[in-house]
Each structure stands twice: as C-alpha cells, then as structure tokens.
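Enquirer: Below are the chains, spelled out letter by letter.
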Amino acid sequence: MRKLGSVGVVAVAGSLLTLAIAAWTRQPPAQAGATITGKVKFTGTKPAMPKIDMSEEPKCKAKYPAAPPTEETVVVNPNGTLANVFVYVKAGLPASYKAPAPSGPVTLDQDGCRYHPHAFGIMVGQNLQIKNSDGILHNIKAKGTGTKNRPFNISQPTTMTSTRTFSAPEVMVPLECNVHGWMHAWLGVLPHAFYGVSGADGTFSITGLPPGTYTVEAWHEKYGTQTATVTVSGSETKTADFTFAGK
Amino acid sequence: MTNRVMFCVTLFGAAVSTPLTAYRSPLTAQDTVKGKAVYVKWCAGCHGDTGAGDGAAAPAMLPRPRNFTGAVYKIRTTASGQLPTDADLMSAIDEGLPGSAMPAWKARLSEAERRDVIAYIKTFSSFFADTSQHIVPLGFGKEPGGGTSAQAVKTGRSFYDSIGCRKCHGDQGRGDGPSAPTLKDDAGFPIFAADLHQSWRFRGGGRTEDIYRRLRTGLDGTPMPSFSDLIDQKFLTDEELWRLSQYVRSLSPAREPEVRDVIHAPQLGGTLPAAPDDTTWARVDRYWFPLVGQVIRKPRWFAPTVSGVWVQAVHNGRELALRLCWDDRTLSPDTAWLAFERRVLETVASDDSTPPVAGLWPDQVAVQLPRHIPDGMERPYFLMGTGTDPVYQWRWTSEPRRTVAGLARGLEQFDTLGAAPESQAVWDHGEWRVVLTRSLATPDTANELQFVAGRAIPVAFFAWDGSNGEHGSRLAVSTWYFLALDQPTPPRVFVSPVVAMALTLGLGFMVVWRAQRRAGGSRGTGAGVGAGAET
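One line per chain: the protein sequences are L and S, in this order. Residue numbers are given in the working numbering: position 142 of the first sequence equals residue 142, and the series is strictly consecutive. Residue numbers are given in the working numbering: position 324 of the second sequence equals residue 324, and the series is strictly consecutive.
Just so you know, the hints here were simulated from the structure itself, not pulled from any lab data. From the three backbone atoms N, C-alpha and C, an ideal C-beta is built for every residue, glycine too. There could be a bad hint or two in this list.
Just the calculated beta-carbon pair ranges, DEER-fashion [as the list claims (entries may be wrong)]:
1) S:108 / L:44: 56 to 64 Å
2) S:290 / L:77: 51 to 59 Å
3) S:188 / L:109: 21 to 29 Å
When the alpha-carbon atoms are kept at most 27 Å apart in a straight line, the in silico DSSO-like pairs for lysine-lysine are as follows [claimed, not checked]:
4) S:184 / L:148
5) L:51 / L:247
6) L:222 / L:148
7) S:234 / L:59
8) L:131 / S:184
9) L:90 / L:222
10) S:184 / L:59
11) L:143 / L:222
12) L:131 / S:234
13) L:148 / L:131
14) L:63 / L:46
15) S:36 / L:148
16) L:247 / L:41
17) S:184 / L:143
18) L:46 / L:61
19) L:41 / L:90
20) L:148 / L:98
21) S:184 / L:222
22) L:61 / S:184
23) S:184 / L:51
Per the computed footprint, the stretches of chain L lying under chain S, defined by three or more beta-carbons under 8 Å from a beta-carbon of chain S, are [to be verified]:
24) 155 to 161
25) 178 to 187
Input sequences plus hints: build the corresponding full structure.
Expert: Okay, structure coming up:
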C-alpha cells in the first residue's frame, strides 16, 4: 500500500512536471514590444447558418452526436462577439522591416469534415501543414486570386499530412474542399507576425510590435473589412475594438 | 446549303478561314507584337481584349474561355499550381481543348504565329515575368505494359475506389458522384466532373499517358486535384497510378467513335429484344451520333450535356426495335441538381425575353422520321419540320415514364397521334438505355412512317437533359442520318454471329494445325494456339 502510494506520488509529480513544461513551452518567447488587443463585437441580427448534411460521410457525421453542424460563415459567440475575424497590421511598419519565417509550421486540420482553424494567418515562406484527421478523401485547394500566390489543389484520401508554402503577402487566400462543398477556410499570408484572430471570446491580440503608428485591419469573410489607426510605443498595450453589424 | 453543311458552320467556324498571307517571323524569337496581331484576330473574340476570358462570345460558353490574367492553366506537365511550360501552352493551342469551345489551331496558324501568340498571352499575367516562379516539368515514366489485362484494370479500379474518385466521378465514372452537383470552378462557374466514358472529350487528350499526366498535375482552376503527393507519401506507387489511368482509359471505346451515316438494322428471327439489357444487343453494331446545342431558333441553347447517342436497330420483318443509349449523369427530375441547374442557367447567356428558371424537368429523347420514305434527297426540315411539312417523331420522357408518337411542326408544335411505340428504359449509373419497338406497318399510313426493308430512311435524334434546364427549344440536336433495315439474307449465306465465331475459331485452329504439321511438330505450339484463339 505504502509502496503503491509513493509510486502514485511520483506519477502525479511527474505529470505535473510535464504539464508545467508543456505550458512553459507553449508560451510565446518573451517578446519585447507593444501589444494591440481588442474585441470584435457583433450587433444586429445574427444570420441563421444552414445545417450541413453530412450523411454522405458517416465518419464525419458521427463526430456531431448532439446536433448537425452548421456552416461557419458567421460565427457569433455566446457573449455576442464575432469569431473568425482576422486582425492584422496592414500598414505602418518601416519599409526596412524584415522578419524571417518561423521554422515551426502552422497546422490546418481537417477533422469532422471541417477546417480547424477556419480563419488563420501564416507568414510568407512558413510551412503550412495540412493534416487530414478524418481519413476520408478530402482535396484541398488554395484558389488563385490573380497576382499574388499560385494556387494548388491536392488530394488526401487518407490520414496524412501535406506541406505547402506561400510566396507573397495576401489577405486572404481562400481554401476549400470540393468533395465537401461546405468546407471553407481563409488564410492571411503576411510578411510579418503581427496578426491575430478573434476566438471563442471575441478577442484578439497582436504582440511584439515595434513603436509606431499602425493601420490595423479587421477582415471578416462576410462583413468585409474595417480599419483602425493605433499608435503604440514601448511595451504598452493599446486596445482597438471593432464592431460588425449583421444585415 | 444542306443541313449537314449548316452544322459544320458552328458559331465560330465562319470566322476561322485560312489567312491569305501567312507572314514570316524568326522561329527562334517570340514576338509579342506579332503575337498581339494574331491574338486580336483569332483569340480575342473568346478570350477578350484584355485576356480576361470575357470576349463577345464568352457568355454563351460553359466552360468559359480561359482568363489569362491569373495564369491558371489546366493542361500542364508541371506540379499543381505551377505555371505551364511553353510546350504545354503550345500543345493546348495546337490540339485545342476537346469537350470545350477551344479549337485546335495547329492547322490554322503557322508555327511562328502560334509561338508569338504564346508570348503574347503570357504578358497578360505578371507571373510569367516573375523569375522566382518555378516552372519544372514533372518526370513522367513510361506506361507499364499489360495495361489492358484484367489484372491491370482490376488494380486500377481498386485505387479508383480507395482514393475516392467516385465522390465526384460516380461509381461507374459518368460524373454522377454525390459531390458532383456542388462543383464550381475557381471563377464560381458550375463545372461537371468529367464523364470518364468519353475520353475523346478529355481536355488534355484521351490516351492513357494523357490521363496519367492529368492525375499527376491536376487540372488547375477546377476541383480536379493532383494526386502526385500520394506517390511521395507512398499511398500508391507510380505503377499503380498508371494502372489507375489504364482503368480510366478502359471505360471509353478504344477509339473516338466515328460517325457513320447509315444505321444498319439486321433482321433477326423470332421476337425482338424489347428490354434494354437483353443480351441480344451485345451482338448488334452500335452507331454514334453526336448532338450539339440548338442554336438556330430562339431561345437557343449553347450548353447541352448530352454529347451524343449510341443507336442500335434490329427488325424481324414485322417489327423494328431501336435501342438508344446515352450518358446523362442525372436521373431527371432530381432535386439534388436543382441548385446546379440554376447556376448553369445563370451562367449561360440566354436570348429568351424572359430569363429561364430552373425547374424539375424530365429527361427526354426524340427519334425523328419523315412521314413517308422520300424518293429523292428531299427531306423535311431537320429541326422538327415545318408547319406545312411536319415530321413524325417518337418522344420518350423519364417523368412520366412513357413514349408518345406525334407530328412535329417546328420546335413549338407537337400533335400527338393515337398510337405510340412500346418502350422500356433503364437509368444505370449515369446512362440511359431505352428500347423503342413498333410494327413496321401501321394503319395510319398518312402520318406514321411505314418501314420498308432495303430503303434509306432518314432519321434524326434529339435529347434533353432536364437537370441541365433543358426543355422546349433548349435541347441537343443531330442532323439527318439514315436507317436501313437489312433485307433478309438468303439462308445459304446467312451466318449468325455465333456460328461465324465458331467458324473463324475452327479455321484458326486448322491453320495452326497445318502450320504445326509443316513445322514438323511441337515447336511454336504456344504461340500457334494463342494466335488461333485470337482469330
């Protein structure tokens, strides 16, 4: 009994340690510079999102036992904020500003016949890992929008990961699956890391900014864009809230 | 002008005549100034002055002419997303894109003109000038042998299933998969998953190696993805991808069907095969008749989906049976395709005073005959006769499932007659098979054609795909062809196909046997028997 107990203590301590390490490594490296945070509010009527019929894909359908999933064009959070708004520094960085692409990838997962995340950012040259967790056929297409990035359209019939990169800044590159017409995601490609996406609480944050006056744009796939001008210096945090109105 | 000639004069055929003077330009250098002159003269009508794919003729087309400003091309030897090589562009321009309005230019423009125009269309996009763009043709190996063997086709089919091609192309490959009604190209226009039974209409060519290349590269700008990553990730081997290409190739006839003028209806003994899947039909010659959009009378129709119909005919001295088979990915009316139909109608220009509305129309096919066998070459107007010179037609519809006979007096008027042919139909994974049976002679000799063996009987075909918004004058049409009921063959010379087969086989064995005797015994037996069996 006693022996067992000490084993238990060691195990608990061990997992705590792992948790601590995990939490620590997940923390962004201590960054100097300023922060812009804010909330994306939503007013007006929330549009009803169509239900997605996944009966052709039982594996995906099974992942939504409670209720059929709905499309994600407009996701209004329970606290009345708008999710999936891509907020980024559009202008204001010195012309000489250069940032190397981080070596770590950004991951896009196809799970339950949906993209996770739905709206997200990446840096020019950074690896996009496209993961198929469903194990059924998805194709993933980055649509060509004309002059910035080349398109691609590749297939993933099984659980696998493919990697692609983007060579030019572009807000936004549309991603879609044609086997499942409801699957859409939006990718903002930037030459810097100053972007964020409003999450389940409607907030975003952009960190590590050098001092300066910035044009910050908030982009939403249905409601378009809004901009704000924000001046920051040192390591201060400024707030920029946006409000999108349902039509 | 005969009807046939009128057909050849398609929308743009008229504009495509040989230029009087083919000017010379150095073969080495590409000249964008000269290229522009070629472009303006030959290409801008479809592709638009600024290369945006919006020429004057574009709104009538599905698929739309390529928008060159994005430099997204279907027919490449490069990886998905990469620019095409000059050779890729040259081959698309030389051969055209079958199954679309894009003509082949090899015979119409000199090599210098084609090179120059390539240089010019590249100027529409900044990508070609961007030196950081990789343009690296993929390495394609050689097709492994044995491609037509049952084992190769079976291996290919297993990957058709495990990859999930059926999601778009359907279980049997006719473009009727569950995702098919949702497909759009990058410009948002509706796009059909290719009918894999019509390889002569593949944009990049119908040979096995063409198919293999399209699977490696994908067709950029469309939902059709590249499968190259699957080789890299060892989901399948390069050879297995070839097998898949060979399987796809095996779905279409060995050669593009040639159009023959006369349908021969052999005379059979006994009762006629009235069921579409009666095994007798497998032994009867089939004839291919291409159909094109009805662009003569308003409202015209530029985007028919039924590209042709296979026709077989037999008679037994008392009755005639016609079997029509055609690919139609939808069993209309089908609510699953209603949204797609709406997008088609919104995309394809209409010259109707009121814009067409999507509806739940049935599929239809019509067999058109004159009322009487003409003595000379005179035939009623091919497009459903005229008020004073009507034609006799059989019209089959999918919903309600029935056939009526009547007199058509132009596209607008159809007067039903009392008696109609018997009909049976099946829709099977994107193919309709319909058999129509009627007595050769009927009481109503004034209106109903009386079939007589040994005469050339004019016949024409029409088809409507309801889920493509086709009804009324929005249909696919053929010109006049002929039907000939073969006269009974004198019994002495008559050999049924089965007997003929047995005879040739026997003959083959005899030849082999004699050859072997001459060769003095056992040598070459294997090859000899093989050759004999093949005869």
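Enquirer: Decide, hint by hint, whether the structure agrees.
Expert: Status of the hints after comparison with the structure:
Checked against the hint of 56 to 64 Å, the pair residue 108 of chain S and residue 44 of chain L passes, with Cβ atoms roughly 58 Å apart. Taking 51 to 59 Å as the suggested C-beta distance range, the pair residue 290 of chain S and residue 77 of chain L conforms, at roughly 57 Å. A hinted range of 21 to 29 Å for the beta carbons of residue 188 of chain S and residue 109 of chain L is consistent with their spacing of about 26 Å. Proximity of residue 184 of chain S to residue 148 of chain L is assessed by CA-CA distance (about 22 Å); at most 27 Å being required, the pair is judged to hold.
For the proposed pair residue 51 of chain L and residue 247 of chain L, the alpha carbon gap of about 20 Å is at most 27 Å, so the pair holds. With a C-alpha separation of about 22 Å, the suggested pairing of residue 222 of chain L with residue 148 of chain L holds against the 27 Å cut-off. For the given pair, residue 234 of chain S sits about 24 Å from residue 59 of chain L by alpha-carbon distance, which is consistent with the 27 Å threshold. The hinted pair formed by residue 131 of chain L and residue 184 of chain S meets the criterion: a straight-line CA distance of about 24 Å does not exceed 27 Å.
The straight-line distance between the Cα atoms of residue 90 of chain L and residue 222 of chain L is roughly 19 Å, inside the 27 Å bound, and the hint therefore holds. A C-alpha spacing of about 25 Å is found between residue 184 of chain S and residue 59 of chain L, which places the hinted pair at or below 27 Å, so the restraint holds. Distance restraint check for residue 143 of chain L and residue 222 of chain L: the Cα-Cα separation of roughly 18 Å lies within the 27 Å cut-off, and the hinted pair is therefore satisfied. The straight-line distance between the Cα atoms of residue 131 of chain L and residue 234 of chain S is roughly 16 Å, inside the 27 Å bound, and the hint therefore holds.
A hinted pair counts as satisfied when its Cα atoms are at most 27 Å apart, and residue 148 of chain L with residue 131 of chain L qualifies at roughly 24 Å. For the hint pairing residue 63 of chain L with residue 46 of chain L, the CA-to-CA distance comes to about 25 Å; that is within 27 Å, so the pair holds. With a C-alpha separation of about 25 Å, the suggested pairing of residue 36 of chain S with residue 148 of chain L holds against the 27 Å cut-off. The suggested pairing of residue 247 of chain L with residue 41 of chain L holds, with an alpha-carbon distance near 14 Å, which does not exceed 27 Å.
Proximity of residue 184 of chain S to residue 143 of chain L is assessed by CA-CA distance (about 12 Å); at most 27 Å being required, the pair is judged to hold. Straight-line distance between C-alpha atoms of residue 46 of chain L and residue 61 of chain L comes to about 25 Å, which keeps the hinted pair within the 27 Å bound. For the proposed pair residue 41 of chain L and residue 90 of chain L, the alpha carbon gap of about 20 Å is at most 27 Å, so the pair holds. For the hint pairing residue 148 of chain L with residue 98 of chain L, the CA-to-CA distance comes to about 19 Å; that is within 27 Å, so the pair holds.
A C-alpha spacing of about 19 Å is found between residue 184 of chain S and residue 222 of chain L, which places the hinted pair at or below 27 Å, so the restraint holds. Between residue 61 of chain L and residue 184 of chain S the alpha-carbon distance is near 24 Å, which keeps this suggested pair within the 27 Å criterion. As the CA atoms of residue 184 of chain S and residue 51 of chain L are separated by approximately 20 Å, the hinted pair is consistent with the 27 Å bound. Judged by the Cβ-Cβ criterion of 8 Å, the stretch 155 to 161 of chain L is covered by chain S as claimed, because 5 of its residues qualify and three suffice.
Counting residues of the stretch 178 to 187 of chain L whose CB lies closer than 8 Å to any CB of chain S gives 4, so the stated coverage by that chain holds, three being the minimum.
Checked against the numbered hints given earlier, this structure breaks none of them.
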